[in-house]
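Start from the sequences, fold in the hints, and give me the full structure.
So the chains spell out like this:
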Amino acid sequence: MGAARRLGRWEGLPYWLILPTVAYLAVFFAWPTVQAFELAFRDGDAWTLEHFRTMANDAAFGDALRFTLLLVVVIVPLQFVVALGMALLVNAKLRARGLFLYVFLLPLAISDLAAGIVWSAIFTEFGYLNTILEGLGIIDRPYLWLDPQNQGLLLMTVVAAEIWRSTALVAIILVAGLQGIPREYAEAAEVFGAGFFQRVRRVIIPMLKPSIQVALVLRVILAFEVFATVIAITGAGETVLAEEAWRWKTSYFDDSVAAAYAVLILVLSVVSAGLILRLLRTPREQMAR
Amino acid sequence: MRRIRLHLVPLILVAAAVAVASVTSGAAAKSTRAQADIVFASTQLNPIPEQEALRNIILKGSPVGADFVPILETALIDRLKAEAQTGKGTISLVGALDGTFASLDPNLFVDLSAIAANLEKRGVPKQLLNFGKVGNKQVWVPWMTATFLMAANKSALQYLPAGADVNDLTYGQLHKWAKTIAEKTGRARLGYPVGPTGLIHRYGMGYLVASFSGGVVTTFTSKEAQAGWLLQRSLWKYTHPQSLTYGFLQDPLLSGEILVGWEHMARLQNALKTRPDDFVVFPAPKGPKGRAFMTVVSGLAIPRTAPDQAGARAVINHLLSLSAQARTLSAVGFMPVVGGRLSTTINPGLLALARAARKQTTSEKAIPGLLPIGLGTEGGNYSRVFRDTFTEIVVKGNNPKRILQEQAAKLREVFAKSGAKCWPPDPPSAGPCKVG
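Residue numbers (my numbering), protein chains in the order written: chain A, 8 to 296; chain B, 34 to 469.
Any given hint could be a false lead.
As the list claims (entries may be wrong) - Reference excerpt, derived from the structure (chain A facing chain B, CB under 8 Å, subset only):
no. : residue
1   : Glu132
2   : Tyr135
3   : Asn137
4   : Gly144
5   : Arg148
6   : Tyr150
7   : Asp154
8   : Pro155
9   : Gln156
10  : Thr241
11  : Ala243
12  : Thr257
13  : Leu273
14  : Leu275
15  : Ser276
16  : Ala280
Claimed, not checked - Quick list of in silico lysine-lysine cross-link-like pairs, DSS-like style, CA-CA up to 25 Å:
no. : chain 1 : residue 1 : chain 2 : residue 2
17  : B       : Lys454    : B       : Lys322
18  : B       : Lys159    : B       : Lys443
19  : B       : Lys392    : A       : Lys256
20  : B       : Lys306    : B       : Lys398
21  : B       : Lys429    : B       : Lys270
22  : B       : Lys114    : B       : Lys159
23  : A       : Lys256    : B       : Lys114
24  : B       : Lys159    : B       : Lys170
25  : B       : Lys450    : A       : Lys256
In case anyone wonders, no lab produced these hints; they're calculated from the structure. Note that this is a predicted model, so its numbers are computed, not measured. Glycine included, each C-beta is placed from N, C-alpha and C at the ideal position.
Okay, structure coming up:
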């Protein structure tokens with residue numbers, strides 16, 4: 008008891024506790040970031056924008072940027088709605104709520120490449136989906152889901168895989184946020200005659216804002232980095248920014264252009280994170296409950 | 034006890050962790066030293082089943098143990114350069130493609146002339162040994178070879194055009210065949226590995242262009258080369274659209290998504306091994322100039338910084354022994370470099386692969402080609418030209434003449450930067466190879 012009290016009083020302790028994290032981030036994130044910037048903006052001893060010019064003039068650049076942005080725009084809102092539903096379900100006073108949580112979390116434990124391969128096995132011509140649809144008599148011959156000529160369909164298959172794989176990440180943050188909201192608020196709203204959707208819209212979502220912020224920022228950043236699912240499902244049919252960075256590094260042996268892609272991904276992530284933080288700003292007086 | 038200074042606790046914990054880590058890693062280092070295994074880093078045999086086969090079957094019986102480390106080509110190049118710079122080596126033996134060695138400074142490796150002389154006596158062809166020579170120095174010795182072949186589901190043979198021999202196809206006959214298959218089965222069933230991990234760039238540089246024009250670099254923009262690309266473009270109508278996702282054709286062959294395809298023999302072996310009675314393998318088609326094909330040679334070399342050169346030499350001797358070479362074919366589907374008759378006791382599917390490879394090499398009007406030589410780090414850009422050309426002309430349907438002009442400019446840059454001379458099938462050149 009005495010020791011614990013002293014622990015609480017001692018002001019230096021928090022700094023010691025975050026020291027390992029700070030050291031880790033400095034060595035494995037900050038330093039490589041500085042190096043990446045150097046690679047992207049330097050040619051020998053001189054500063055240059057040449058690598059960015061090479062990147063922008065590359066035939067695949069436009070496609071990669073377009074498909075990456077498309078994925079962010081389609082996946083993030085869709086995922087948010089699904090995740091909110093999952094979180095409300097877990098948080099509801101249901102009997103099997105613990106079970107729901109476990110089932111929802113399963114895809115998170117699977118690597119994104121493995122998930123991509125599983126989904127490509129589902130969508131491939133002689134894959135699971137066509138076999139099931141044929142078995143049910145819905146189609147009489149296999150349908151080509153992964154047809155590079157049909158970009159809308161390709162986008163849909165990647166979105167399906169990404170939603171399955173990473174919605175739980177958003178949901179778990181929302182669940183944590185929901186559990187921090189005292190039930191009295193929703194109950195009070197109910198007493199005043201608010202229906203379910205009104206309660207969600209007027210009470211729960213506003214109080215959930217800080218969690219929504221965190222979830223969206225995290226998810227948007229991850230969406231800009233998407234790589235393995237896209238490459239496993241669409242092959243050379245579509246490409247994203249991270250895939251091009253990888254290709255420039257491992258196939259074309261050009262570290263500088265690869266770094267330019269990395270810098271672009273970083274800038275896009277930072278800008279969109281800033282945008283989300285701004286749009287979902289919670290006034291200070293609302294923060295404390 | 035209660036007086037203990039709490040702010041020291043994290044420090045003590047960190048110190049203890051460091052101490053424990055250093056003690057255990059020291060112990061680990063000691064135990065590996067006791068086994069005296071050499072580190073064998075290789076860009077070849079990297080798929081897990083091949084790694085397992087190498088460790089448990091091919092390396093078995095080696096007088097010196099080898100710790101096999103699969104590694105990407107870029108990582109290997111960086112690693113070897115770094116080890117040479119610091120003068121502290123961990124890798125004793127390197128396994129890589131001839132093209133990888135060609136992109137590295139020969140001074141990174143020790144001279145293997147003595148081993149080469151020995152290998153020649155064992156029946157390794159002099160021509161193969163010469164690939165590893167730079168001047169008088171034997172930088173690397175051949176380890177195994179492979180090539181690209183065609184494979185087909187036997188159910189597709191009924192659609193062959195009248196009078197066509199599957200072992201002596203022309204590109205025109207392949208076109209008719211693929212067309213008939215598409216009409217009879219209701220979907221395009223020809224396949225190429227055009228996915229991100231597929232080897233389609235080898236198709237342009239080793240098969241298509243040379244079969245139509247007789248060369249690769251020197252005839253790159255020629256009318257004949259254009260004709261070849263145009264034919265490939267008309268074949269695309271009968272090519273399965275999911276070809277853009279294929280890395281290894283053995284999977285779509287096994288599932289039946291494709292019935293005919295062109296692929297590296299090691300990337301066909303699963304299909305051939307599991308259902309040898311369902312598939313046939315045969316040489317690539319021939320064009321107006323002949324049957325062009327590419328031989329891929331993997332080699333072994335010892336870095337100058339190798340901690341155990343004698344051990345590495347012993348492992349090379351083992352890997353190139355008759356028995357280990359025979360096991361290389363049966364376990365991983367690569368062709369041995371040591372001469373000798375093919376045993377009929379190996380898996381019939383692998384035997385079929387080996388026989389088809391031999392047929393391709395010895396066929397009339399053969400135009401043998403090699404992986405690029407002397408391109409160094411430009412090797413990636415060279416491959417890229419052929420992949421992009423395929424995408425632009427065949428997949429996207431752009432004008433071949435314009436695309437070939439555009440890509441020729443990129444090829445010129447590759448040769449200006451690398452200064453590489455021509456290699457087969459292009460005729461030898463005095464200076465850097467001229468893009469034609």
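Hints, verified against the model:
1. Glu132: With a closest approach of 5 Å, the glutamate 132 of chain A hint holds.
2. Tyr135: violated (12 Å)
3. Asn137: violated (11 Å)
4. Gly144: Hint violated; glycine 144 of chain A Cβ to chain B Cβ min 18 Å, cut 8 Å.
5. Arg148: At 7 Å from the nearest chain B Cβ, arginine 148 of chain A passes the 8 Å test, so the hint holds.
6. Tyr150: violated (11 Å)
7. Asp154: Hint holds; aspartate 154 of chain A Cβ to chain B Cβ min 5 Å, cut 8 Å.
8. Pro155: This interface hint holds because 5 Å falls under the 8 Å limit.
9. Gln156: holds (6 Å)
10. Thr241: holds (7 Å)
11. Ala243: Because about 5 Å separates alanine 243 of chain A from the closest Cβ in chain B, which is inside the 8 Å limit, the hint holds.
12. Thr257: holds (5 Å)
13. Leu273: violated (22 Å)
14. Leu275: violated (22 Å)
15. Ser276: violated (23 Å)
16. Ala280: Violated, because the Cβ-Cβ distance from alanine 280 of chain A to chain B comes to roughly 29 Å (cut-off 8 Å).
17. B:Lys454 x B:Lys322: The given pair, whose Cα atoms are some 23 Å apart, holds under the 25 Å limit.
18. B:Lys159 x B:Lys443: violated (35 Å)
19. B:Lys392 x A:Lys256: violated (38 Å)
20. B:Lys306 x B:Lys398: Given that 25 Å is the threshold and the Cα spacing comes to 30 Å, the pair is violated.
21. B:Lys429 x B:Lys270: holds (12 Å)
22. B:Lys114 x B:Lys159: Answer violated: lysine 114 of chain B to lysine 159 of chain B is near 29 Å, above 25 Å.
23. A:Lys256 x B:Lys114: holds (17 Å)
24. B:Lys159 x B:Lys170: Roughly 14 Å between the alpha carbons, so the hint for lysine 159 of chain B and lysine 170 of chain B holds.
25. B:Lys450 x A:Lys256: holds (18 Å)
Consistency with the previously given hints fails for numbers 2, 3, 4, 6, 13, 14, 15, 16, 18, 19, 20 and 22, ordered from lowest to highest.
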